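Peer 1: Next come the chains, spelled out residue by residue.
Protein chains: 2
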Amino acid sequence: MADKNDGFVTEITPRSEDFSRWYTDVVRRAELADYSPVKGCMVIRPYGYAIWELIQQGLDRRLKATGHVNAYFPLFVPESLLRKEADHVEGFAPQVAWVTQGGEEVLEERLAIRPTSEVIIGTMYAKWIQSWRDLPVLINQWANIVRWEKVTRLFLRTTEFLWQEGHTAHETAEEAQAETLKILALYKEFVETELAMPVIDGRKSESEKFAGASMTYSIEALMGDGRALQAGTSHNLGQNFAKAFGIQFQGRDKSVQHAWTTSWGMTTRLIGGVIMTHGDDGGLVLPPRVAPYQVVIVPIQRGDWQTTVLPSAVRVRDALVAAGVRVYLDDRDTYTSGWKFSEWELRGVPLRLEIGPKDIEKSQVVLARRDTREKLPTPVDGLGARVTALLDEIQQNLYARAREFRESRTTRAESWDEFVRLMEGRPGFVIAGWCGSDACEAEIKSETQATLRNIPFGYEGKGGACVKCGRPAVAEAWFAKAY
Amino acid sequence: MADKNDGFVTEITPRSEDFSRWYTDVVRRAELADYSPVKGCMVIRPYGYAIWELIQQGLDRRLKATGHVNAYFPLFVPESLLRKEADHVEGFAPQVAWVTQGGEEVLEERLAIRPTSEVIIGTMYAKWIQSWRDLPVLINQWANIVRWEKVTRLFLRTTEFLWQEGHTAHETAEEAQAETLKILALYKEFVETELAMPVIDGRKSESEKFAGASMTYSIEALMGDGRALQAGTSHNLGQNFAKAFGIQFQGRDKSVQHAWTTSWGMTTRLIGGVIMTHGDDGGLVLPPRVAPYQVVIVPIQRGDWQTTVLPSAVRVRDALVAAGVRVYLDDRDTYTSGWKFSEWELRGVPLRLEIGPKDIEKSQVVLARRDTREKLPTPVDGLGARVTALLDEIQQNLYARAREFRESRTTRAESWDEFVRLMEGRPGFVIAGWCGSDACEAEIKSETQATLRNIPFGYEGKGGACVKCGRPAVAEAWFAKAY
Chain S
616 MADKNDGFVT EITPRSEDFS RWYTDVVRRA ELADYSPVKG CMVIRPYGYA
666 IWELIQQGLD RRLKATGHVN AYFPLFVPES LLRKEADHVE GFAPQVAWVT
716 QGGEEVLEER LAIRPTSEVI IGTMYAKWIQ SWRDLPVLIN QWANIVRWEK
766 VTRLFLRTTE FLWQEGHTAH ETAEEAQAET LKILALYKEF VETELAMPVI
816 DGRKSESEKF AGASMTYSIE ALMGDGRALQ AGTSHNLGQN FAKAFGIQFQ
866 GRDKSVQHAW TTSWGMTTRL IGGVIMTHGD DGGLVLPPRV APYQVVIVPI
916 QRGDWQTTVL PSAVRVRDAL VAAGVRVYLD DRDTYTSGWK FSEWELRGVP
966 LRLEIGPKDI EKSQVVLARR DTREKLPTPV DGLGARVTAL LDEIQQNLYA
1016 RAREFRESRT TRAESWDEFV RLMEGRPGFV IAGWCGSDAC EAEIKSETQA
1066 TLRNIPFGYE GKGGACVKCG RPAVAEAWFA KAY
Chain Y
616 MADKNDGFVT EITPRSEDFS RWYTDVVRRA ELADYSPVKG CMVIRPYGYA
666 IWELIQQGLD RRLKATGHVN AYFPLFVPES LLRKEADHVE GFAPQVAWVT
716 QGGEEVLEER LAIRPTSEVI IGTMYAKWIQ SWRDLPVLIN QWANIVRWEK
766 VTRLFLRTTE FLWQEGHTAH ETAEEAQAET LKILALYKEF VETELAMPVI
816 DGRKSESEKF AGASMTYSIE ALMGDGRALQ AGTSHNLGQN FAKAFGIQFQ
866 GRDKSVQHAW TTSWGMTTRL IGGVIMTHGD DGGLVLPPRV APYQVVIVPI
916 QRGDWQTTVL PSAVRVRDAL VAAGVRVYLD DRDTYTSGWK FSEWELRGVP
966 LRLEIGPKDI EKSQVVLARR DTREKLPTPV DGLGARVTAL LDEIQQNLYA
1016 RAREFRESRT TRAESWDEFV RLMEGRPGFV IAGWCGSDAC EAEIKSETQA
1066 TLRNIPFGYE GKGGACVKCG RPAVAEAWFA KAY
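Sequence lines, in order, name chains S and Y.
Take any residue in the first sequence, note its place counting from 1, add 615, and you have its number in our numbering.
Take any residue in the second sequence, note its place counting from 1, add 615, and you have its number in our numbering.
Be careful, since some hints might not be right.
Any copy, or any two copies together, can satisfy a pair, since identical chains are not distinguished.
Said to hold, decoys possible - The calculated lysine-lysine pairs, modelled on PhoX-like cross-linking and capped at a C-alpha distance of 25 Å, are: (1) 990 <-> 955; (2) 824 <-> 1077; (3) 803 <-> 824; (4) 824 <-> 797.
Simulated from the structure, these hints should not be mistaken for lab results.
Bear in mind the structure is a predicted one, so any value in this text is a computation, not a measurement.
Generate the whole structure from the sequences, applying the supplied hints.
Peer 2: In structure tokens:
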């Protein structure tokens, strides 16, 4: 990730011209993230990190409200522990960064930098859990994760990323399954409400399961270029990890049993999802709920504006702050009003508030919506309530627009020819019958690049014939080219 | 840290008997932290992490209120970059964990796991800062840090720990110095207000400076065993890092200049400081402002308590929550009231609230203060306000008690004999004249184990003669045996 395109980005490529370049230009020009001198690792700049902080707050609040608590486990995983769960190590070993020296000392055993924390957390749960009275354990961790990636992309796939990972242990299989689905529903509600990003929730196929899981569920969003983005996953780990790490407890009937565990996570890639769901040729478009600044105030810089206009702008700022709005008054005199207009448009601020001498005469301001580009002269009187209502409206509109886009890009394929034609044409979700075999799934992928994103709950047991082999379908699955 | 004392702690060693064992027993028995299977690394358990979250919130709020923003920089530092600032690499290289392999690939260049982030952040600042208009840059990061330690201790010194690290860049030397001192003052106010931990603020000697800094300042607290704990540091880095990493800007006069930078940090060791400042033979004593639960409600479990007492306990809980108190209603029927009393005492909850049938008759509850062990029958009417006031009182009392303890353990030594006698006797701070030479400082340390903690601002230019060599003193310094 280092040393390429390292100069300053002055203009952004139009989205309609080259989506991929547009994406990178927006991330860098809006100062969300930057390349670092470390291969594959990004720097999350303050404006991007402020979005992450809002995501953390919204998600953390929901996790705590459902009884989860936070903790912190070591960054390192001794190699011998990583090898205890066979599927898990097979899945993750190729992506592990290894520490082999500490200070002056060459280590006797290599330490993996956590590619995920089931192993280290499972080892601790085996110590902490003795009785059914100790269950459930509902722990979440906010942490950095390292997975050695060959091809990386800012926010979407980086060698190091930030995430939350939940790890729970339960008394029965039913409770573990209920937790897995509860989190999936929580993720869907969070992403749709806060990020205005509609998602499809369902189960992953065997081949796309988390390494070591009994069942993986995901939420899948559709980006502005018609490619899917996996936005979050929730895994039912069955007793696999409990058996590998010895998480046992004495049950109500005094028998010794293995616990049933789950794990689930969402990452900084969500920020990439926000950019690609809502952005346009003008740059970033942020949903108000995760916008670091929901309103930017730009005083019109004519004449002696610092004495004629600025005091009114300050009063407006204070009124909006009092109404609970995140607001920035851009009173810098080193930039023109016009420069500020395009700067804050590019950085996706939901509402721009203009105020000049004529507005002050009329006791009004002019609000400009980033999503629709409408300009709305608005009385200063009652401004706080009006802005709050408008921000809600923008949030709803972004969700509705994204959902409409997804619907316009979701098609049911009745035959293999149609499936291929759809995938070659305008990208999006294609719904098709699937026989349940790995072979058909693999052929579909190699012939069309489309992967089976998931099987939504209502789509199990439907679909007539498999779109690839014609045998009876076990479900209708959602396919797409994906990030 | 693995594999020793790995069983469950059932009782804690009295503090008066063995402070060090008491400390470890409290940390483990109160479920603040635990040993992990990784040498030198700890697990921060939910109860300990909840304290850290309260520390984060209080500190983050103060940093943002003073114009700082958060960001995130990579975990890895390429070896060639680490070597750019000579003093810095000399200071940190012996403590670095090295990644030498990523996935299947042996790395051409080793990657250090950040022992601190001046290097990676300085490299980015060199890209981002072009003009005086870009200054100041006021960035903070919440992150994990790895320093390979030979001897570790839960919270106080661990191979991996959590911290915040601020990194700022300024136009002038004066601004950088002002920032360095502003943060030192912010740290002192934070630690004294939130953790009720009185500290001495001052400058470090040359030998105790941060590797690569022009000047290091610290805040120093006194623990319950009379040993000092460095609770936070703030460094003026001068132009050292700007020159090593090329952080240059065009000044107001168009000349190209190097920026002036600072860095500063506080860590999870603060939790150890809280334990050792306020704890007693009964276990943990938490200051209300950082107590995960400020009040624990224990219903008296007599007769049919779940129908006679519990509904009143629930109402009391709801009233306290409405008053903004962090409260836990311990309604578990698997434990007795007596067990709960000693459990929550050990875990340091500032106020226990008992409620039984007789209290309900009298429309009262009984509050038990953890700090003084007083029992206070209190009317249910107006309980929220009373509890809030009591929590404030407990916070003030803990601070006053710790300050009084420090004062009783701070002595001025007029001669070397007296200095030695004081250090051999009851430990604490010893104030003494110092000539400013590394040699005297080193001799004092080797002969008494006491280190120069810092020179408070009012103590510069005082002190008559050096307590060690008798030459004229440049300052009175504060010495102590330290963690």
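Peer 1: Compare the structure with each hint and give your call.
Peer 2: Hints and how they fare:
In the homo-oligomer, the alpha carbons of residue 990 and residue 955 lie at most 25 Å apart inside one protomer (16 Å), although the nearest pairing across protomers, at 62 Å, exceeds that limit. For the identical chains of this complex, residue 824 and residue 1077 are intra-copy neighbours only, at 21 Å inside a copy versus 70 Å across copies, given an alpha-carbon limit of 25 Å. For the homomeric pair residue 803 and residue 824, the shortest alpha-carbon distance inside one copy (19 Å) is at most 25 Å, but the shortest distance between copies (50 Å) is not. Proximity of residue 824 to residue 797 under the C-alpha cut-off of 25 Å is restricted to the intra-copy arrangement: shortest distance 18 Å within a copy versus 51 Å between copies.
Checked against the numbered hints above, the structure violates none of them.
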